[in-house]
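There are 2 protein chains.
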Amino acid sequence: VKHINWDPISAEKQGYKHFMLKEIFEQPARIVDTLRGRILLDRADVDLSEVELDAEWLAQVQKLTLIACGTSYYAALVGKYMIESIARVPVEVDLASEFRYRTPIVTENTLCVAISQSGETADTLAAMKLARGLGAKGLAICNVIESTMARETDGVLYTHAGPEIGVASTKAFTTQLAALGLLAVWLGRRRGTLDAEQAAVHLDALRTVPTAMEEILTDLEPYAEIAREFGQAHSFLYLGRGILYPIALEGALKLKEISYIHAEGYAAGEMKHGPIALIDEEMPVVVLAPRNGVYDKTLSNLEEVKAREGKIIAIGADDDNELRRLADIFIPMPEVAEVIQPLVASVAVQLIAYYIADFKGTDVDQPRNLAKSVTVE
Amino acid sequence: VKHINWDPISAEKQGYKHFMLKEIFEQPARIVDTLRGRILLDRADVDLSEVELDAEWLAQVQKLTLIACGTSYYAALVGKYMIESIARVPVEVDLASEFRYRTPIVTENTLCVAISQSGETADTLAAMKLARGLGAKGLAICNVIESTMARETDGVLYTHAGPEIGVASTKAFTTQLAALGLLAVWLGRRRGTLDAEQAAVHLDALRTVPTAMEEILTDLEPYAEIAREFGQAHSFLYLGRGILYPIALEGALKLKEISYIHAEGYAAGEMKHGPIALIDEEMPVVVLAPRNGVYDKTLSNLEEVKAREGKIIAIGADDDNELRRLADIFIPMPEVAEVIQPLVASVAVQLIAYYIADFKGTDVDQPRNLAKSVTVE
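As they're listed, the protein sequences go chains Z and B. Going letter by letter, the first sequence gives residues 666 to 1042 in this note's numbering. Going letter by letter, the second sequence gives residues 666 to 1042 in this note's numbering.
Check the hints yourself; a few may be wrong.
List of simulated lysine-lysine pairs, DSS-like, C-alpha gap at most 25 Å [unchecked claim]:
1. Z:Lys-687 x Z:Lys-1037
2. Z:Lys-682 x Z:Lys-728
3. B:Lys-745 x Z:Lys-802
4. Z:Lys-745 x B:Lys-802
5. Z:Lys-728 x B:Lys-962
6. Z:Lys-728 x B:Lys-745
7. B:Lys-1025 x B:Lys-687
8. Z:Lys-728 x B:Lys-971
9. Z:Lys-794 x B:Lys-745
10. B:Lys-1025 x Z:Lys-745
11. Z:Lys-678 x Z:Lys-745
12. B:Lys-794 x Z:Lys-962
13. B:Lys-678 x Z:Lys-745
14. Z:Lys-682 x Z:Lys-1025
15. Z:Lys-1037 x Z:Lys-678
16. Z:Lys-794 x Z:Lys-1037
17. B:Lys-794 x B:Lys-1025
18. B:Lys-1037 x B:Lys-1025
19. Z:Lys-962 x B:Lys-971
20. Z:Lys-1037 x Z:Lys-1025
21. Z:Lys-971 x B:Lys-1037
22. B:Lys-678 x B:Lys-971
23. Z:Lys-745 x B:Lys-1037
24. B:Lys-745 x B:Lys-962
25. Z:Lys-971 x Z:Lys-682
26. Z:Lys-794 x B:Lys-1037
27. B:Lys-1025 x B:Lys-678
28. Z:Lys-1025 x Z:Lys-678
29. B:Lys-682 x B:Lys-1025
30. Z:Lys-745 x Z:Lys-1025
31. B:Lys-962 x Z:Lys-1037
32. B:Lys-802 x B:Lys-728
33. Z:Lys-802 x Z:Lys-745
34. Z:Lys-1037 x B:Lys-687
35. Z:Lys-802 x B:Lys-1025
36. B:Lys-745 x B:Lys-802
37. B:Lys-745 x B:Lys-687
Since the hints were derived computationally from the structure, they do not count as laboratory data.
Produce the entire structure from the sequences given, and follow the hints as far as they go.
Right under this line is the structure:
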């Protein structure tokens, strides 16, 4: 017997032009679903008893290996930042299609975290199987109950994104980020590397995500302008640093997937080592620059883009007049803690891709050549 | 007193149209220089006594962290494959500009290997300093004697590329790869993870690099054809798997740097997770597909590109008729051991970029916006 936990009626567009747009707007509610019942405010802790991994074993785990493909891989890159900074345990991230064909170094003190919306991604399943065969314990982060990945592992942490119809992942991605944030706090508390006070700060930050997402969803004017101004561009660059570098990669992937524009994400600090040669007035650059620990460095990279007459689309704090001055189009985002900036900024890069694709008239929900779940190698 | 170990006259073009082309053709000789005196055939070992790192300490090192920027970062990614497979010690690779602004997890049993042609790259110097401050030992792989990096570390492994004038790195990159191959064997022998027989196989492979490079340099016709056919393209994709995935990244970077064409490198297994949406008859795809452990998988990714009418430039074995059939333009490369395929294939991707840039008439040796050494942050 297969248990279906979603009502078919919920898969309708509910007045939105595309499923992808509906799913973008759904994110605040789905983050609430993913956090629900898992934050223990009184103990400044996370309840992941559902995961069923042994707490004693976890307390002495030596390494996490996060494995995924595509958008989930970018969630894993954010996860590395979250887990290393919050729980202070080393995290390695690998593409499933790369990991499974090397002879990876995995010990019995490794937790292999496999991330996949569908829980059916062939390369990720094979990579997890390989790691477990070498002695690692496996934790799946997936969205589909009773998926192969959920069955063939030691523990499961479900995202509660609900059914995702658009081929380009949106709410599955941000709920993965929320799940990884919970995992980071949980690990930190179990390993004694995170005290109650710091844990409370991170948990409070996670709880502000839905509100911050709602706020960024209220102003759609910048995206319409981006589509009008840059919808015909051949190429885009996306830049970010630190915990927002993976969101630059994800933003570029979204644009590739649904608008067929060649977009590439880059760590902003790498600009000078090559991609800056591409910059001219034809090449829009999307930069993720809310105030955080690397804000000044990002801004100085942006000055270089400006000096080469690059067109700048900047995502940053509403009251950041310096950033506004540099930007051709400015997307204000609410000021939030660094650890949740990836979740909030994701909404902006999703909307950039959506508006450009809709402007171009592509098949947003079923882009050419792509499948929702890649169940072949 | 500063010791200058290069004769100024050697920095002339010697009849080549550009320094970059001269430096591409110089590579077999510079690989010989980098290997010279370091391979101990009778003991199937490597002599890196010059490095002056304590052998006992190295035998129990728990992790290597390879840190670099730009092209050197792609050398580090190849280094991870070489060192993990040959010496069986875990290797983490990080962009210097990312590493230095997180709070990285570094222990006293970590060897931090910083890679930089000039030895003056600001982010890499800062990252190395941070790692050493946290207790790691530092090993510099650099090309310039008495550079800051060579002075401010525990050990130095020099590449012997000679002065590199072209801003886009070529011989500095392949000599870095040779140095990393030597380091892998040296570590494997010291740690007891590599027996004499296996070591001899790898060392023999390294010794065949110059001859294999000479061979690929004899046939320039494919590159002229690529420039004629695809010199006007807006975008390129470069695909590779395993030890050749970083060469896909490096090939794309070369094209970006000197031809100003937006080229992106991708792990071939990730194609289906997004970039395949970009593929049409306008988008040339360069694929690195010599026979090795992931050849079949790469070929099946290529079939998908072909099915979407993508134009294919394939680099592979001379007698590979299946690959020839799929390719619009075929670049034969000599059959060599997997571990040295990155060095040989590098020559092909360098020539692709060079011929396209020369066709377009860009300033090959001094591309716009780029500096030879990035000595600012």
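Given the hint that Lys-728 of chain Z pairs with Lys-971 of chain B, does the C-alpha gap stay at or below 25 Å? violated (40 Å)
Would you mind confirming whether the straight-line C-alpha gap from Lys-682 of chain B to Lys-1025 of chain B stays at or under 25 Å? holds (14 Å)
Hinted pair, alpha-carbon criterion (25 Å max): Lys-1037 of chain Z, Lys-687 of chain B. Please report holds or violated. violated (48 Å)
Please work out if Lys-745 of chain B and Lys-802 of chain B have their alpha carbons no farther apart than 25 Å. holds (18 Å)
Lys-1025 of chain B and Lys-745 of chain Z: Cα distance at most 25 Å? Outside the cut-off at roughly 41 Å; violated.
Straight-line alpha-carbon gap Lys-794 of chain Z to Lys-1037 of chain B, limit 25 Å: violated (45 Å)
Are the Cα atoms of Lys-745 of chain B and Lys-802 of chain Z separated by 25 Å or less? holds (24 Å)
Given hint Lys-745 of chain Z paired with Lys-678 of chain Z - CA-CA distance at most 25 Å: Status violated; Cα separation ~34 Å.
Lys-745 of chain B paired with Lys-962 of chain B [C-alpha distance capped at 25 Å]: holds (21 Å)
Between Lys-682 of chain Z and Lys-1025 of chain Z, is the straight-line Cα distance small enough, at 25 Å or below? The hint holds at about 14 Å.
Would the pair Lys-745 of chain Z and Lys-1025 of chain Z pass a check requiring their Cα atoms to be no farther apart than 25 Å? Answer violated: Lys-745 of chain Z to Lys-1025 of chain Z is near 35 Å, above 25 Å.
Below or equal to 25 Å on CA atoms is what counts here, so check Lys-745 of chain Z against Lys-1037 of chain B. violated (32 Å)
The structure shown violates the earlier hints numbered 2, 5, 8, 10, 11, 13, 17, 19, 22, 23, 25, 26, 30, 34, 35 and 37.
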